[in-house]
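Colleague: Assemble the complex: chain A is given as a structure, and chain B must be docked to it using the hints.
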Amino acid sequence: MASDVALPPVRDSAPVPDGRRRTTFVSGERVSRTWMVIATAVMALASIYFLVPVVWLVIAATKSTGDLFSTPGFAFADFNLLENLRALSTYQGGIFWRWGLNSIIYSVLGSALTTLVCAITGYALAVYRFRGRTALISVVLASLLVPGTVIAQPTYVLLVTLGLDNSYAGLLLPALVYPFGVLLCFIFAQSSVPLELVEAARLDGAGELRIFVAIGLRLLASGLVTVLLFAFLGSWNSYILPLLVLTDAELMPLTVGLTGWNQASITIPGLQILTVVGSLVSIIPIAIVFLSLQRFWKAGLTAGSVRG
Amino acid sequence: MSTSTATGSRRRRHGAVSPWAPYLFVAPFVVLFLLFLVAPIVVAFVNSLFSRQSSGLGFGGSSIEFVGLANFVRAFADRDFLVGFPRVLLYGAVQVPVMMTIAAFFALLFDTALVKARRFFQFTVFLPYAVPSVIAALLWGFLYQPSVSPVLQFFESIGITLSPLASTVVLWSIANVALWSLVGINMIILFSALQSVPREMYEAARIDGAGEVRTALQIKLPMIAPAVLLTTLSSIIGTLQLFNEPQVLQTITSNIPSDYTPNMAIYATSTLGKDPHLASAMAVILGLATLVVSLLVLAANKRTTNRAGHGL
Chain A
1 MASDVALPPV RDSAPVPDGR RRTTFVSGER VSRTWMVIAT AVMALASIYF
51 LVPVVWLVIA ATKSTGDLFS TPGFAFADFN LLENLRALST YQGGIFWRWG
101 LNSIIYSVLG SALTTLVCAI TGYALAVYRF RGRTALISVV LASLLVPGTV
151 IAQPTYVLLV TLGLDNSYAG LLLPALVYPF GVLLCFIFAQ SSVPLELVEA
201 ARLDGAGELR IFVAIGLRLL ASGLVTVLLF AFLGSWNSYI LPLLVLTDAE
251 LMPLTVGLTG WNQASITIPG LQILTVVGSL VSIIPIAIVF LSLQRFWKAG
301 LTAGSVRG
Chain B
1 MSTSTATGSR RRRHGAVSPW APYLFVAPFV VLFLLFLVAP IVVAFVNSLF
51 SRQSSGLGFG GSSIEFVGLA NFVRAFADRD FLVGFPRVLL YGAVQVPVMM
101 TIAAFFALLF DTALVKARRF FQFTVFLPYA VPSVIAALLW GFLYQPSVSP
151 VLQFFESIGI TLSPLASTVV LWSIANVALW SLVGINMIIL FSALQSVPRE
201 MYEAARIDGA GEVRTALQIK LPMIAPAVLL TTLSSIIGTL QLFNEPQVLQ
251 TITSNIPSDY TPNMAIYATS TLGKDPHLAS AMAVILGLAT LVVSLLVLAA
301 NKRTTNRAGH GL
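Listed in order, the protein sequences are those of chains A and B.
Going by full-length UniProt numbering, the letters in the first sequence line up with residues 1 to 308, in that order.
Going by full-length UniProt numbering, the letters in the second sequence line up with residues 1 to 312, in that order.
Any given hint could be a false lead.
[As the list claims (entries may be wrong)] Below, computed lysine to any residue pairings styled on SDA-like, alpha-carbon distance capped at 20 Å:
no.	chain 1	residue 1	chain 2	residue 2
1	B	K274	A	D248
2	B	K274	B	R87
3	B	K274	B	K116
4	B	K116	A	A44
5	B	K274	B	S54
6	B	K274	B	F50
7	B	K116	A	V42
8	B	K116	B	F105
9	B	K116	A	R33
10	B	K116	A	L195
11	B	K274	B	V73
12	B	K116	A	L45
13	B	K116	A	V37
14	B	K116	A	D248
15	B	K274	B	S63
16	B	K274	A	T247
17	B	K274	B	D78
18	B	K274	B	F105
19	B	K116	A	N166
20	B	K274	B	R74
21	B	K116	A	V160
22	B	K116	A	M36
23	B	K116	A	Y49
24	B	K274	A	M36
25	B	K116	A	L203
26	B	K274	A	V160
27	B	K274	B	Q53
28	B	K116	A	L51
29	B	K116	A	S32
30	B	K274	A	R295
31	B	K116	A	I48
32	B	K116	A	T247
33	B	K274	A	N166
34	B	K116	A	A41
35	B	K116	A	S47
36	B	K116	A	G163
[Said to hold, decoys possible] Across the chosen pairs, the derived CB separations fall in these ranges:
no.	chain 1	residue 1	chain 2	residue 2	range
37	B	V292	A	S32	45 to 53 Å
38	B	P86	A	A77	42 to 50 Å
39	A	F76	B	A210	22 to 30 Å
Simulated from the structure, these hints should not be mistaken for lab results.
Ideal Cβ positions, reconstructed from N, Cα and C, are used throughout, including at glycine.
So that you can see chain A by itself, here it is in the shape it has in the complex (with noise of 0.2 Å):
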């Protein structure tokens, strides 16, 4: 079952040697000059696409209110950033920065514990042979068809009926259960964890709980950043559960906070330059942490999920 398959290096592009010939070569392979330009320009093109609405969010969210209406998306006008930030960090007494605080809560809490949950679970059902393990991977591989929010409503119901709606708690136990995950980690350990790596550690006589934490955990490392960056995104992006089961502003994450100013901005209009400069604000730290750890997280996902 294991074998400990060495993960395919994610090749970086290698530097394009400065050919006066029509042809040239990249990692040893015969290019045609002309498809190339053909080929860069064709995604210059298509980043443009991607980088408009980015573009536009860092120019307007300079702007005052005014200037949003009446001077070009592109162009620079009077400089309010600080003005704009000012305002963002005392409406409604900052609650912004309370939003933003919730948001970290739910995601960086919500993901630590999610991935040990899966990691654990993965781990298990790699590693053991028990009874119900086969009924267990089934459910699983099941219940990923069930639609994440259909099943929101009910499970506003469900945490109604525990007393645990309008609580943290109530926005990161549903959470936890992430059998995509699960799946992932299983895949990930079956490839990674030799099982006489931790016959090994038992005839040295390690517990189990040792075991998974000295020998799984680590070796499964690589992986796991895939869950913890899925799980993140996950809740950083989860808008209908927390929609349904906050009613306490001061509990709500960005991603509620935010549409709420957008819903309210039709009647109250300082509000809609609050809701760029907000957008703005919530996109960078993330946009930084993804981007900054997508080498570890390609790698993962070379490694286990979607190989043919």
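Modeller: Relative to the frame of chain A, chain B by itself:
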């Protein structure tokens, strides 16, 4: 807490593990799974069979009574709820193939050595995925309004008037937001799968004289079929659940009613309509519909599914 190693009474080769260790390990997940995945499904089914009946003029309080399938009958009589289904199916039938084609195209392009500054372009394609979908909808919401949108103003200046919020096109404006958000992650998954195919696989094709395009379509794509299936399936499930983007865009246009998609109808019935029992019946119907569509897709991809199964 450590479950100390059992004595070596049994055959060590197969692990002299204390028999309850694996159960302790999977227990947290199983408990949470039962509580927050199985129980809600059960709650939805049970709730859908009951209804709150208010007596008299509503002064005498109300009671919850068993009504059998009455809520389902009401849901199926609700035209606004039903009309959401063909709408999201149409949306999915267009959005998913377009998105997957673009994602596969980018992934295949990045897998060749043809694109310069590959890292930068991958970054730009992927960046939107780091933006929460409701924030993405907020952003595009601004770009869809003629008063603030530089894009619409640009097209206006060259004589093209676009109105992305008009009732006939608003569905595709929603699809655009989802496309913008999700091409990146699908591209990355497919690209990662391509990168894990041994390069030697392509050597034979090259010796046989196959060009980049033929290699891409006839060798590379089939090699990553399981990844394509996985991403397509999750995209299809996603479209049936469509909620975030239309719910946010709803605030800037009257062309998205509160029951525009099945999921929005469930939300509206539960919160605005204050009828959680009817909403539960609708949730059950939507869940079953999603299941049927997913199984149809799986059946249609039987052959690739088998290969994916081996991959697992």
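Colleague: Please go over all the hints and tell whether each is borne out by the structure.
Modeller: Evaluated hints:
Distance restraint check for K274 of chain B and D248 of chain A: the Cα-Cα separation of roughly 19 Å lies within the 20 Å cut-off, and the hinted pair is therefore satisfied. A distance of roughly 25 Å separates the Cα atoms of K274 of chain B and R87 of chain B; the hinted pair therefore is violated under the 20 Å criterion. The straight-line distance between the Cα atoms of K274 of chain B and K116 of chain B is roughly 56 Å, outside the 20 Å bound, and the hint therefore fails. This hinted pair checks out: K116 of chain B and A44 of chain A have alpha carbons roughly 10 Å apart, not beyond 20 Å.
Restraint check for K274 of chain B and S54 of chain B: the C-alpha separation of about 13 Å stays at or below 20 Å, so the hint holds. Proposed proximity of K274 of chain B and F50 of chain B is supported: the alpha carbons are some 14 Å apart, at most 20 Å. As the CA atoms of K116 of chain B and V42 of chain A are separated by approximately 11 Å, the hinted pair is consistent with the 20 Å bound. Annotation: proposed proximity of K116 of chain B to F105 of chain B holds, straight-line Cα distance about 16 Å (limit 20 Å).
Taking the CA atoms of K116 of chain B and R33 of chain A, the gap is near 11 Å; set against the 20 Å cutoff, the hint holds. Only pairs whose Cα atoms come within 20 Å are accepted, and K116 of chain B paired with L195 of chain A is rejected, the gap being roughly 44 Å. Annotation: proposed proximity of K274 of chain B to V73 of chain B holds, straight-line Cα distance about 18 Å (limit 20 Å). Of the supplied pair hints, the one linking K116 of chain B and L45 of chain A holds, its CA atoms being roughly 13 Å apart against a limit of 20 Å.
Of the pairs offered as hints, the one joining K116 of chain B and V37 of chain A holds, with about 8 Å between alpha carbons and a cut-off of 20 Å not exceeded. Distance hint between K116 of chain B and D248 of chain A is unfulfilled; the C-alpha atoms sit about 50 Å from each other, more than 20 Å. Restraint check: the Cα-Cα separation between K274 of chain B and S63 of chain B comes to about 15 Å, which is no more than 20 Å; the hinted pair holds. For the suggested pair K274 of chain B and T247 of chain A, the alpha carbons sit about 15 Å apart, so the restraint of at most 20 Å is met.
Restraint check: the Cα-Cα separation between K274 of chain B and D78 of chain B comes to about 16 Å, which is no more than 20 Å; the hinted pair holds. Among the hinted pairs, K274 of chain B with F105 of chain B is inconsistent with the structure: their alpha-carbon atoms are about 46 Å apart, more than 20 Å. Straight-line distance between C-alpha atoms of K116 of chain B and N166 of chain A comes to about 50 Å, which puts the hinted pair past the 20 Å bound. As the CA atoms of K274 of chain B and R74 of chain B are separated by approximately 15 Å, the hinted pair is consistent with the 20 Å bound.
Between K116 of chain B and V160 of chain A the CA atoms are separated by roughly 54 Å; this puts the pair beyond 20 Å, and the hint is violated. Between K116 of chain B and M36 of chain A, the direct Cα distance comes to roughly 7 Å. Compliance with the 20 Å bound is thereby established for this hinted pair. In summary, the hint linking K116 of chain B to Y49 of chain A is supported, as the alpha carbons are separated by about 18 Å, within the 20 Å threshold. With a CA separation close to 59 Å, the supplied pair K274 of chain B and M36 of chain A exceeds the 20 Å bound.
Annotation: proposed proximity of K116 of chain B to L203 of chain A is violated, straight-line Cα distance about 53 Å (limit 20 Å). Under the criterion of a C-alpha separation no larger than 20 Å, the hint pairing K274 of chain B with V160 of chain A is consistent with the structure, at around 14 Å. A C-alpha spacing of about 13 Å is found between K274 of chain B and Q53 of chain B, which places the hinted pair at or below 20 Å, so the restraint holds. The suggested pairing of K116 of chain B with L51 of chain A holds, with an alpha-carbon distance near 18 Å, which does not exceed 20 Å.
Among the hinted pairs, K116 of chain B with S32 of chain A is consistent with the structure: their alpha-carbon atoms are about 13 Å apart, no more than 20 Å. A C-alpha spacing of about 47 Å is found between K274 of chain B and R295 of chain A, which places the hinted pair above 20 Å, so the restraint is violated. At most 20 Å may separate the alpha-carbon atoms for a hinted pair to count; K116 of chain B and I48 of chain A meet this at roughly 16 Å. A hinted pair counts as satisfied when its Cα atoms are at most 20 Å apart, and K116 of chain B with T247 of chain A does not qualify at roughly 50 Å.
Simply put, K274 of chain B and N166 of chain A have alpha-carbon atoms about 18 Å apart, close enough for the 20 Å limit, and the pair holds. About 9 Å separates the Cα atoms of K116 of chain B and A41 of chain A, which keeps this hinted pair within 20 Å; it holds. Annotation: proposed proximity of K116 of chain B to S47 of chain A holds, straight-line Cα distance about 13 Å (limit 20 Å). A distance of roughly 56 Å separates the Cα atoms of K116 of chain B and G163 of chain A; the hinted pair therefore is violated under the 20 Å criterion.
A hinted range of 45 to 53 Å for the beta carbons of V292 of chain B and S32 of chain A is consistent with their spacing of about 47 Å. Roughly 45 Å separates the CB atoms of P86 of chain B and A77 of chain A, a value that falls within the hinted 42 to 50 Å. Between F76 of chain A and A210 of chain B the CB atoms are about 51 Å apart, so this pair departs from the stated range of 22 to 30 Å.
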